[in-house]
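Here the structure of chain G is known, so what remains is to put chain W in place on it, guided by the hints.
Residue-level listing of the chains:
Number of protein chains: 2
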Amino acid sequence: MTLDQTWFSEAHDLSGSAISYRVRRKLDEVRTPFQHIQIWETTDWGNLMVIDGCVMLTTRDNFLYHEMMSHPALFTHTSPKRVVIIGGGDCGTLREVLKHREVESAVQCDIDEQVTRMAEKYFPELCESNTDPRARLMFDDGLKLMADTEPDSVDVAIVDSTDPVGPAEGLFGARFYEVVHRALRHGGILVQQSESPIVHLPLIRDMRRFMKAAGFAAVRTLAFPQPCYPTGWWSCTMARKGIEQLDDFRDRGAAMKKFPTRYYNVDVHRAALAVPEFMREGLE
Amino acid sequence: MTLDQTWFSEAHDLSGSAISYRVRRKLDEVRTPFQHIQIWETTDWGNLMVIDGCVMLTTRDNFLYHEMMSHPALFTHTSPKRVVIIGGGDCGTLREVLKHREVESAVQCDIDEQVTRMAEKYFPELCESNTDPRARLMFDDGLKLMADTEPDSVDVAIVDSTDPVGPAEGLFGARFYEVVHRALRHGGILVQQSESPIVHLPLIRDMRRFMKAAGFAAVRTLAFPQPCYPTGWWSCTMARKGIEQLDDFRDRGAAMKKFPTRYYNVDVHRAALAVPEFMREGLE
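Here the protein sequences come in this chain order: G and W.
Counting from 1, position 216 in the first sequence corresponds to residue 215 in numbering that gives the first Met the number 0; the numbering is continuous, with no gaps.
Counting from 1, position 116 in the second sequence corresponds to residue 115 in numbering that gives the first Met the number 0; the numbering is continuous, with no gaps.
Derived from the structure by calculation, the hints contain no laboratory data.
Model, not experiment: these values are computed from the prediction.
Please note: incorrect hints may appear among the correct ones.
Which copy is meant is left open, because identical chains are indistinguishable; a pair holds if it fits in one copy or across any two.
As the list claims (entries may be wrong) - Straight-line alpha carbon distances no greater than 20 Å define the calculated DMTMM-like cross-link-like pairs of lysine to aspartate or glutamate that follow:
{"id": "1", "residue 1": "K257", "residue 2": "E280"}
{"id": "2", "residue 1": "K256", "residue 2": "E280"}
{"id": "3", "residue 1": "K80", "residue 2": "D247"}
{"id": "4", "residue 1": "K98", "residue 2": "E119"}
{"id": "5", "residue 1": "K98", "residue 2": "E276"}
{"id": "6", "residue 1": "K143", "residue 2": "E177"}
{"id": "7", "residue 1": "K257", "residue 2": "E276"}
{"id": "8", "residue 1": "K80", "residue 2": "D151"}
{"id": "9", "residue 1": "K98", "residue 2": "D250"}
{"id": "10", "residue 1": "K211", "residue 2": "E283"}
{"id": "11", "residue 1": "K256", "residue 2": "E276"}
{"id": "12", "residue 1": "K257", "residue 2": "E127"}
{"id": "13", "residue 1": "K80", "residue 2": "D250"}
{"id": "14", "residue 1": "K211", "residue 2": "E177"}
{"id": "15", "residue 1": "K25", "residue 2": "D51"}
{"id": "16", "residue 1": "K257", "residue 2": "D131"}
{"id": "17", "residue 1": "K211", "residue 2": "E243"}
{"id": "18", "residue 1": "K120", "residue 2": "D27"}
{"id": "19", "residue 1": "K143", "residue 2": "D162"}
Same shape as in the complex, but just chain G (with noise of 0.2 Å):
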């Protein structure tokens, strides 16, 4: 079967697989300065935005991403009290953030004002801690803003961007790591959207290796289920700086957490640290 303009689809040519959602109209539009946003209603996952053709999240799914972005590293911090979002525009990163009652401070940092001003209005349960006196939204160059960052200031950086091209190119550079590096405080953690870890094993392999140049000293890919991103299975990246471990974490906390999560938990967090076989081998 063809799929027509009822379908708002992504065709991933890297992985030669494409992702469809049956559509009931476009919400809405904008073309910034830096990219192409658009909004659609779909009639099974909510609301959908879409960034230079791609599916940045929906209204159904974006929980396991956003959880997995920032439970597990602010677990495995022993004390996560200052924490910069890099990207994240929607605001849904910021709002697991904000959960953790450590935290003391959280600057978020997307180049694009259009993302978050989108989210407003078609995520509004995403944006729902803007107004904690503890979050900071900026919009800005996120590469520059780390450069700019006090050394040794940072607990937890967390890198939420879009894919390796256009605006994102420069996070997933060896400069930027050594930037977040400098940044974080000893035991600080890292942690990036790492894509698919069926197709992107060599991406991957890369981020790990620049990560470990610009002087981390442990790494670790977590995967996850994300239905809306090319395969469905989707990862992240953790490094810590000065600390040679990132596979214990706060296990008690996660366990009594104090407030709710759809996808994460304490079983969920130590499932995530299992590497499949594949992977194992694709990254050694």
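For chain W alone, kept in the frame of chain G given last:
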């Protein structure tokens, strides 16, 4: 964008989502008394088998499903000697089962011989154990086979079927589970593909309820990535006769397994037992 005839698309009505593969050409096609089977050559996923418009498997990612349908159950059973596979005509599950040296016999019973004939031609690697002296290939009704099986004679029954519509519908009903329960030995395990955790939770809940009503002492649903199935996230549900646990498994055996896998290992097995928050709530 629209996806034209250079793509094979499966639109999944229940979830209003679709998955597509870029294709070079249709390699084969047959209408059997049971279903319509197509084989496509894709640009990036090897060959693709489609039954009645639904993606069954691709060369590239079938290892996920086949390994998770077999190894967790076989490493949970203390001594899996006699295995029956209902469905599984592509022979990929059979191949995984026969990697276990403890297995003395494995009967594969698919209703449609043409599935196996197509697999032999287009997925020969999955059929490499078909000539194993322990293997027996039957083409018959799986429910009938299980009803005719001597009581207390089977260690592991694997239901590797299509969706619960069409020929496989009876394999998701209370009557079938009673028949399987009767055929299993004490401690025996039924494992069945149970669709997508994120869109089929009501089905999984029904399956588990029917399994318990049929007398099974424990049930457990394991989730795993499967890019070619709707939402890219799939599951299997295990049920056990007479023994009220499915969490402990022969972890030393799994850690020291004598055969290669590409996804499964002892950590992946343990990880698959983790239950995400929304599943815990939805299945309670």
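Results of checking the hints against the structure:
1. K257 <-> E280: Between copies only: 17 Å across, 38 Å inside.
2. K256 <-> E280: between (34 Å within a copy, 16 Å between copies)
3. K80 <-> D247: For K80 and D247, the Cα distance is within 20 Å only inside one copy (19 Å; across copies 38 Å).
4. K98 <-> E119: Classified as within: same-chain Cα gap 19 Å, cross-chain 53 Å, threshold 20 Å.
5. K98 <-> E276: Between. Shortest inter-copy distance 16 Å satisfies the 20 Å Cα cut-off; intra-copy 34 Å does not.
6. K143 <-> E177: Within. Shortest intra-copy distance 12 Å satisfies the 20 Å Cα cut-off; inter-copy 64 Å does not.
7. K257 <-> E276: Between. Shortest inter-copy distance 14 Å satisfies the 20 Å Cα cut-off; intra-copy 35 Å does not.
8. K80 <-> D151: Within. Shortest intra-copy distance 13 Å satisfies the 20 Å Cα cut-off; inter-copy 59 Å does not.
9. K98 <-> D250: Intra 16 Å, inter 36 Å, cutoff 20 Å: intra-copy only.
10. K211 <-> E283: within (13 Å within a copy, 43 Å between copies)
11. K256 <-> E276: Only across copies: K256 and E276 sit 12 Å apart there, 31 Å inside one copy, limit 20 Å.
12. K257 <-> E127: The answer is within: 18 Å in one copy meets 20 Å, while 52 Å across copies does not.
13. K80 <-> D250: Intra 18 Å, inter 38 Å, cutoff 20 Å: intra-copy only.
14. K211 <-> E177: within (10 Å within a copy, 55 Å between copies)
15. K25 <-> D51: within (15 Å within a copy, 31 Å between copies)
16. K257 <-> D131: Within one copy only: 17 Å inside, 54 Å across.
17. K211 <-> E243: The answer is within: 11 Å in one copy meets 20 Å, while 46 Å across copies does not.
18. K120 <-> D27: The answer is within: 10 Å in one copy meets 20 Å, while 49 Å across copies does not.
19. K143 <-> D162: Within one copy only: 19 Å inside, 51 Å across.
Checked against the numbered hints given earlier, the structure satisfies every one of them.
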